[in-house]
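*Asks:* Using the sequences plus the hints, can you model the full thing?
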Amino acid sequence: MILYTPLAETDIFPNEAGENVNRECVSYNGKQVYVERNNDGTYQVLQLLSTDPQDFLDSTYAPGTILK
Amino acid sequence: MDKDMEKKAQPQEDQSSSSSSLVQKIQSLGQTNVPQAPDSNIHVLSIVGQIEGHIQLPPQNKTTKYEHLLPQLIAIEQNPKIEGLIILLNTVGGDVEAGLALSEMISSMSKPTVSIVLGGGHSIGVPIATSANYSFIVPTATMTIHPVRLTGLVIGVPQTFEYLDKMQDRVINFVVSHSNIKEEKFKDLMFAKGNLTRDIGTNVVGNDAVDYGLIDAVGGVKDAMEKINELIENTKGSQQEVIQ
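Chains as they are written, first to last, in the working numbering: chain A, 312 to 379; chain B, 2 to 245.
Among the hints, erroneous ones may be present.
What the hints assert, rightly or not - Only part of the chain A face toward chain B is listed, based on derived beta-carbon distances under 8 Å: (1) Met312; (2) Leu314; (3) Thr316; (4) Ile323; (5) Phe324; (6) Val332; (7) Gln343; (8) Glu347; (9) Leu360.
Stated by the list, open to error - Straight line, CA to CA, 25 Å or less: simulated DSS-like cross-link-like pairs of lysine-lysine: (10) B/Lys112 - B/Lys82; (11) B/Lys112 - B/Lys66; (12) B/Lys167 - B/Lys194; (13) A/Lys379 - A/Lys342; (14) A/Lys342 - B/Lys82; (15) B/Lys112 - B/Lys237; (16) B/Lys167 - B/Lys183; (17) B/Lys223 - B/Lys82; (18) B/Lys223 - B/Lys112; (19) A/Lys342 - B/Lys63; (20) A/Lys342 - B/Lys66; (21) B/Lys112 - A/Lys342.
Rather than coming from a laboratory, the hints here were simulated on the basis of the structure. Where a beta carbon is used, it is the ideal one built from N, C-alpha and C, also for glycine.
*Replies:* Below, the structure is given as structure tokens:
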């Protein structure tokens, strides 16, 4: 793999072990959303992966929303 | 494992409840959405952070995963309701092959594409910016052009240099063939000394990128929307001529 970026390698791959993150990409109502699983088992929206600009006006997919 | 499966199934259950709420809306208001009204004929693809390719980057990196974007591009190409695509770029570069894959996908689309470089379109962001039919850069945005370097294990043999050189040529050839910049000029910028503090290369700012021919015009959202609508009209016009 070759990374073509002005960033230093240490910026991208830090030496310390990364924290345990529960992030995954799921399909919700037919939209791909990048979510983080909370400790209580709920999913919180991190990012909506869509090319339709209207989807971003829907508060269901706003970052921080907890999916039920 | 079973627990995980249950949790994953929950969002899908909600889908049925939201569709029943839609039915309720239709029943109470006597109408549903007018077809096409909520759908935008122009879709937006934002490419932000690192472009992630063959290797998953550590979680503190903000990444755009190319395996997410490639199917989206196909979906846009296939959907007859979508007439144009705007690409928003604010990237610090990333995987060469993932970036070139995205660039080739965008450049080979039949629908009009317009890119806007916002903030930064560095390194592998440069070919992606030029891959669109028409490219814009906002006056404050910058594009860093520098040589391709190896990350990770480097074997000090002449073949390594040749491999790197070929990889670099792929980037150069793509940019030169999809923009108005001359190959010599692009190489001059790439290997310039004294511009970057820790590296060779050039940091090209908004207007300069247009002067060099790398980007088509300086402009923001308004200009991009006008341009894409113009390109959409042109393609519609040419299609009608074919039919007649």
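*Asks:* Does each hint hold? Answer for all of them.
*Replies:* Cross-check of the supplied hints:
1. Met312: Constraint on A/Met312 satisfied, holds at 5 Å.
2. Leu314: holds (5 Å)
3. Thr316: Holds - the Cβ of A/Thr316 comes within 8 Å of chain B, reaching about 3 Å at its closest.
4. Ile323: holds (6 Å)
5. Phe324: holds (6 Å)
6. Val332: Holds - the Cβ of A/Val332 comes within 8 Å of chain B, reaching about 5 Å at its closest.
7. Gln343: At 7 Å from the nearest chain B Cβ, A/Gln343 passes the 8 Å test, so the hint holds.
8. Glu347: Violated: closest Cβ of chain B sits about 10 Å from A/Glu347, beyond 8 Å.
9. Leu360: Check passed: Cβ of A/Leu360 comes within 5 Å of chain B, closer than 8 Å.
10. B/Lys112 - B/Lys82: holds (11 Å)
11. B/Lys112 - B/Lys66: Given pair B/Lys112, B/Lys66 holds - Cα atoms ~22 Å apart, limit 25 Å.
12. B/Lys167 - B/Lys194: Roughly 22 Å between the alpha carbons, so the hint for B/Lys167 and B/Lys194 holds.
13. A/Lys379 - A/Lys342: It holds: about 15 Å lies between the C-alpha atoms, which stays within 25 Å.
14. A/Lys342 - B/Lys82: holds (18 Å)
15. B/Lys112 - B/Lys237: holds (10 Å)
16. B/Lys167 - B/Lys183: It holds: about 18 Å lies between the C-alpha atoms, which stays within 25 Å.
17. B/Lys223 - B/Lys82: holds (22 Å)
18. B/Lys223 - B/Lys112: Given pair B/Lys223, B/Lys112 holds - Cα atoms ~19 Å apart, limit 25 Å.
19. A/Lys342 - B/Lys63: holds (20 Å)
20. A/Lys342 - B/Lys66: holds (16 Å)
21. B/Lys112 - A/Lys342: Given that 25 Å is the threshold and the Cα spacing comes to 23 Å, the pair holds.
Violated hint: 8 only; the structure is consistent with all others.
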